Structure formats: structure tokens, C-alpha cells
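Undergrad: Sequence:
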Amino acid sequence: MARTPVFSRRRRSDQIDALDRFPISDSEVHVLAVDDSLVDRTVIERLLRLTACRVTAVDSGIRALQYLGLQDEPNSQVGFDGLKVDMIITDYCMPGMTGYELLKKIKESSTLREIPVVIMSSENVVARIDRCLEEGAEDFIVKPVKLSDVKRLREYMVGDEKIGSERSGNNKRKLREPCDEASSSPSILSPAPSSDSSPSPSDSVQSITPSSSEPSSPTSTPQSDDSK
Numbered sequence: 001m002a003r004t005p006v007f008s009r010r011r012r013s014d015q016i017d018a019l020d021r022f023p024i025s026d027s028e029v030h031v032l033a034v035d036d037s038l039v040d041r042t043v044i045e046r047l048l049r050l051t052a053c054r055v056t057a058v059d060s061g062i063r064a065l066q067y068l069g070l071q072d073e074p075n076s077q078v079g080f081d082g083l084k085v086d087m088i089i090t091d092y093c094m095p096g097m098t099g100y101e102l103l104k105k106i107k108e109s110s111t112l113r114e115i116p117v118v119i120m121s122s123e124n125v126v127a128r129i130d131r132c133l134e135e136g137a138e139d140f141i142v143k144p145v146k147l148s149d150v151k152r153l154r155e156y157m158v159g160d161e162k163i164g165s166e167r168s169g170n171n172k173r174k175l176r177e178p179c180d181e182a183s184s185s186p187s188i189l190s191p192a193p194s195s196d197s198s199p200s201p202s203d204s205v206q207s208i209t210p211s212s213s214e215p216s217s218p219t220s221t222p223q224s225d226d227s228k
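Take 1 as the starting number for the sequence shown in the UniProt record's numbering and just add one per residue.
Be aware that one or more of the hints could be misleading.
[What the hints assert, rightly or not] Computed spacing ranges between beta-carbons, pair by pair:
no. : residue 1 : residue 2 : range
1   : 114       : 71        : 17 to 23 angstroms
2   : 127       : 84        : 20 to 26 angstroms
3   : 83        : 123       : 30 to 36 angstroms
[To be verified] SDA-like mimics (lysine to any residue), calculated; alpha carbons at most 20 angstroms apart, straight line:
no. : residue 1 : residue 2
4   : 146       : 38
5   : 84        : 55
6   : 84        : 98
To be clear, the hints were calculated from the coordinates, so they are not data collected in a lab. None of these values were measured; they are calculated from a predicted model. Idealized CB from N, CA, C, for every residue including glycine.
All chains should be built: construct the whole structure from the sequences, respecting the hints.
TA: Below is the structure:
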């Protein structure tokens with residue numbers, strides 16, 4: 001009988017092996033992940049793969065533009081490897097080109113502006129969050145990124161109109177609030193309320209934080225971990 005990976009009391013090597021073996025569903029979507037930090041890039045890549053996503057990881061905004069074909073003439077929503085990009089998730093603070101600058105470049109493109117862009121940052125700065133959302137970002141996530149965050153973001157990639165109308169309101173406003181792990185934030189993947197009056201347990205999964213012995217991401221060149 002197949003075993004579902006559990007990330008609680010298992011050795012780090014076992015967790016990585018389990019993630020690599022996680023089956024990819026027919027509804028696989030392609031995400032371009034951008035982060036200059038090897039550690040953070042590896043975390044988001046593993047979490048996305050856990051939710052049945054195909055991931056292309058790059059270490060800078062410039063590399064992302066090259067992959068999307070925006071360095072010269074805007075082409076299409078297909079990367080240079082022929083894969084259609086369904087979502088872009090990028091760190092905010094990166095050398096050379098910030099996540100905000102990358103967001104602006106994408107939204108200025110007539111062929112790429114419809115791709116959802118999500119910004120990540122280790123700093124919960126309200127002015128920064130508002131600026132990104134006003135520029136067209138779908139969401140702003142305060143690090144560390146959790147599995148519940150990635151599950152919610154996956155709805156942006158499946159093109160559900162009902163979910164789209166919801167995310168334009170409460171979801172963005174929710175992420176502007178200070179992080180409070182004691183509070184339970186609503187998830188758009190949560191099931192419909194049942195008749196049972198007792199509250200359902202929160203669907204919280206610990207973030208996967210790679211150890212120092214974890215292998216480098218094969219899709220990116222390790223960079224220095226700048227301050228977030």
C-alpha cells in the first residue's frame with residue numbers, strides 16, 4: 001500500500017526522498033520560481049512539487065526575463081524550453097532586479113500580463129505589500145512560505161472564476177495583516193461548512209526548511225543569501 005509522506009518526525013533525507021517520489025497529477029501546472037537565496041528557492045520548489053506542480057527555478061529577475069523571452073521581444077506565455085508558465089512566484093528583495101521590478105516588466109507585457117504573479121518577502125511591510133498589489137500582484141506572502149500557502153496559490157493557476165472573484169477581495173487583504181501564528185487564516189481550499197457546530201481542526205503543515213546538508217537545486221546556480 002502506498003504511503004503518504006509525513007513531515008513531522010522523519011529524518012531530513014527521508015523527507016527529500018518522499019517529495020521526489022510524490023506523484024504528479026493530470027492537472028499539473030507549471031510555476032516559475034524566482035529567488036536569489038538557494039535555501040528559500042529549494043523550499044518553495046519542494047512545496048510546489050508536493051502540490052503536483054512542475055517547477056522551473058531561477059536565481060534572479062534577469063534570469064526570469066530571459067526564460068520568459070522578455071529580454072528582447074515579448075513572445076508568448078511559453079518559456080524557452082517550450083513549457084507554458086501558469087504562475088510566477090518571486091522574492092521581493094533580490095540584487096540586480098527586485099521582485100517588484102520583475103512584476104512591472106511582466107505586467108507591461110501584452111502577452112504575459114495575464115500570468116498570476118505572487119510576491120514573497122521576509123519583511124511584512126504594509127507599504128511594500130500595497131505597492132505590489134496595486135501593480136497587479138495576485139498575492140503577497142510573508143516568509144517562511146508554508147504548504148497551506150502553496151495550496152491556496154494553486155487555485156490561481158487552475159483558472160476558476162469563482163475563486164478568482166474571492167481572491168480579489170479577502171485573500172489579498174488578509175495577507176496585509178501582521179503574521180500571527182496563533183490565529184487561523186481562512187483557506188479558499190477549505191471545505192464548505194458542515195452542520196457540525198464544532199470547529200474543524202486547522203489544516204496547518206510545517207514549512208520544509210532544508211538543512212545545510214541538502215543538495216543544491218539542479219536548476220539554479222547557488223547565490224549568496226542576501227538579506228530579505
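Undergrad: Determine for every hint whether it applies to the structure shown.
TA: Outcome of the hint check:
1. 114 with 71: 17 to 23 angstroms: holds (20 angstroms)
2. 127 with 84: 20 to 26 angstroms: violated (34 angstroms)
3. 83 with 123: 30 to 36 angstroms: holds (31 angstroms)
4. 146 with 38: holds (17 angstroms)
5. 84 with 55: holds (11 angstroms)
6. 84 with 98: violated (23 angstroms)
Violated hints for the displayed structure, listed by number in ascending order: 2, 6.
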